[in-house]
Amino acid sequence: MAAFGSFALLIALALAAYNLFAGTIALRLLATGQPVRISPERLADTARRAGIAGFIAVTGAAFALIWSVFNNDFSIAYIMEHSNRALPAAYKFAALWSGQEGSLVLWAWLLGTYGFVLRLTHKTDVKLYAYAGTILAAVQVFFLAVINFAAPPFSLLKGAIPDDGNGLNPLLQYPEMVIHPPMLYLGYVGFTVPFAFALGALMMRYPGEKWIKITRSWTMVTWLFLTMGIFLGMHWAYAVLGWGGYWGWDPVENASFMPWLTGTAFLHSVMMQERKGMMKSWNVWLIFSTFLLTLLGTTLTRGGLVSSVHAFAQSSIANWFYVFMGIVLAVCIFTYILQRSHLKSEQRLESLVSRESSFLFNNLVLLAACFVILWGTLFPILSEYVQGTKVTVGPPFYNRVAVPIGLFLLFLTGVGPLLPWRATSLRAIRRNFVVPSIALWSTVIVCLAVGVRPWKNGAFDAGNFYALVAFAISAGVFTAILSEFLRGAGVISRQTHRNLFAATYLLIRRNTRRYGGYIIHIGVVIVVVGLAGAAFNRSEERELALHDKLPIGPYTLECVGFTQDSNLNYNSEYALLDVYRDGKKQFQITPEKRVYLASQQPQTMVAIHSVPGWDLYVVYEGTNPDTGQPIIKAFLNPLVSWIWAGVVFMVFGTFVALVPSLTPATAALRVPATKPAPSEPALGGGH
Amino acid sequence: MRTASRFTFWIKGAQALALAVAMCFSMGASNASSRFNDLSHRLMCTCGCAQLLGECNHVGCTESGRERNELSAAIASGATDQQILASFAAKYGATALAAPTTHGFDLVAWVAPFAVFAAALLGTILLVRRWSIGKTQAVAQAPDPAMDALREKIRRETGAGNDGGFSA
Amino acid sequence: MTETQGFVAGVMLALALGIYTFWPENVFASQRQKTRLDYLLERKEQLYENLRDLNFEYRAGKYPDEDFAEQRALLENETAQLLAEIEHLQQA
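Protein chains in written order, with my numbering: chain A, 1 to 687; chain B, 1001 to 1168; chain C, 2001 to 2092.
Possibly wrong hints are sitting among the right ones.
[Stated by the list, open to error] If you want a taste of the chain B side facing chain A, the calculated C-beta under 8 Å gives, among others: (1) Ala-1074; (2) Ala-1109; (3) Ala-1120; (4) Leu-1121.
Hints in this document: simulated from the structure, not taken from any laboratory. Heads up, the beta-carbon is just placed ideally off N, CA and C, and yes, glycines get one too.
Hey, can you work out the whole structure from these sequences and the hints?
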């Protein structure tokens, strides 16, 4: 199977190269209109089909890798290093991304899959798709070249073939790890598609803004995958790493967050281009940067440039990535300079107080946040270069710098929807702000009353202060969004005499993008409330003898046993803890520590009891070697489940936004038109 | 009455804000355990796990336990926060501090984000002002009757005056 | 699977994909150049959408009367000029 896999990867590279080569020549011929013997359109179509064939070849290679994992083919070095016989089947799939070579194959396969769908649907706009397909092929050529020449996944082990493999990193042996990396990769890889469309549209001087509409669902799906990937990663870190938190501002976490920020900015600012033809250059550069940031993210994970807990796949291929990033940047700049006249647009704002200017500030803040994170991630390198010593830029830095920016962004989330497009006078919409302001200030008062105070023991407490501000703004934003739904539904209800629920449904159906977006914003608000809860985290750590008690918050944990166990894959130690509340036994939890046999790596299994108000989070820290008794650390983390609930809203909102809007039965269809019907354009989803 | 309550409302808000600002300058931890908590979140574990000292609890860490004891001892000895942080930085290198210091080149780390943000904010405001064409001039009513017919058609088709085509 | 079998499978895959790619197909989508009319119709769709939205937001109480009248007049003028050009092109 190794031979087949290697062969399939070579075929895929050849096909991608042909796709790029033939596609470029065909598009060049079509653009210049030179008379040639072969029809350029036929040439372009063979290029397209080469792309589809390339997808099949990469699929074959990925299949060969999976097949080898399942058949324990330890003659392949990669399989030997990332799997073992006792590994449960679901985690054998995880071998595809637990190491460098495998994750590159996954990357190429996902890119192939996106390209496959794109090339099958090319009739939407043949020329634009031909450009986008050729650009995708160029990216694919790079990845396949790296796979074939720098990180071959099918290289064979030298010497005797071992009986069993080294096993999968135990950190990755967790259900979410079967979903999180593919999601994140789908998000990373997916941004190649809007990038290809944007670059292609610029190269061909695409007339109008329709390409944005064509790309929209691609961008939203990609954004959805990236969002889910990031949050699954947070949940994984929370449930597996056992330090009681979910986000450590690790360089690799940052690397996934940066393209998310620029991608989010892009999704907002393209609306200005669609509606008013503004900000064309800005949008093009936003998507270029997003793509470059996804590449940078991959390089950071792989290259060992910055130290990270994620750096389990370091190697020399980082140089390939630097060169590729340089080429991409050069192509972007060159194309932009060559075609910049095409992006000239009339920039006008009718009013300072309008949806447009709120989008401008939204972009500013998202980009500023992205800069802060990039700066913090790269500052250690800069510091080493300038003053010769490496420094750490850790959570305290980001908490102090990024949190205020995030709160400002949250504030804009509430203000934006209240402002209509184009001109308006503040006077007219002032009353729309009354109810949200009341909600905001009442929350402040309630918080102060129940003890969320920005000072503690006479000292300023930044955590509490930010939590207070976050709660207050969240309440204001939530009310603002809710009032938007009610106002819109009220209009529809008055006109169509439907009840409020039916009217709300119709409201969402007729502009899925806007109201789906608002649902996403509600999700963001819920997530922020959950994040703010971290200001009130508590923890207790103690060695527990039998029947010893550990009080934390409203709970008391009592140790009723500790024991050991083992199976084929790992040995484990765990404690049995009864949890009491108000003197009554509520439930039992069992924090655990495992040592995996194949890798000899230890791993904590956290016991989590989650209710809407808080999580009880208990870690088996270890065993005291002198007494043989377990050391238990218990956390009480308020509002954590709100984060995961908010994500559900964000996902749901994105699905709503992906549904095409219901378009009005236009008068042209109801009233006999003066023109024959075919000349009327089909009115697609609008915004 | 309403104005009066609104007034006290703002006063309250302003008071809370003033207090918050005042508190900023009176920072100082009160007791040993909260100082330990605070300082252990300003230091990194040096085993290479890239976690905060106060949060590093991965199994088999060779450093964090000892360093935490060291921190407790330093707090008990009565050293100031600055002295403790400086001694850790001297002993384990600058990477033991969880965030850059605020002097020398390290200050750039803190200043740059705010400087960039301020510059971008200023730039955006200037841009908005430049793009803003203000109140649009009164639109001259098109005298062309053909245009009127078109306008009539547009109003019909975009549902001005009715429900926009959704009543059916 | 032995090395030889793998190799043979690889060659067969290469052949199949090569044939698929270079099969002399005569039905392929042509790359039609987008006309001015196409572009105008797209613009019309967008402007209609903007107008519908304006009407809706007005009813939802977000514009004072004079702002609304002004905005609508602006958009309608723009749309009317567009429609005039579309009619002109369609008659041509």
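Now for the hints, and whether the structure bears them out:
no., hint, verdict
1, Ala-1074, "violated (19 Å)"
2, Ala-1109, "holds (5 Å)"
3, Ala-1120, "holds (5 Å)"
4, Leu-1121, "holds (6 Å)"
This entry does not satisfy hint 1, going by the numbered hints stated previously; all others are met.
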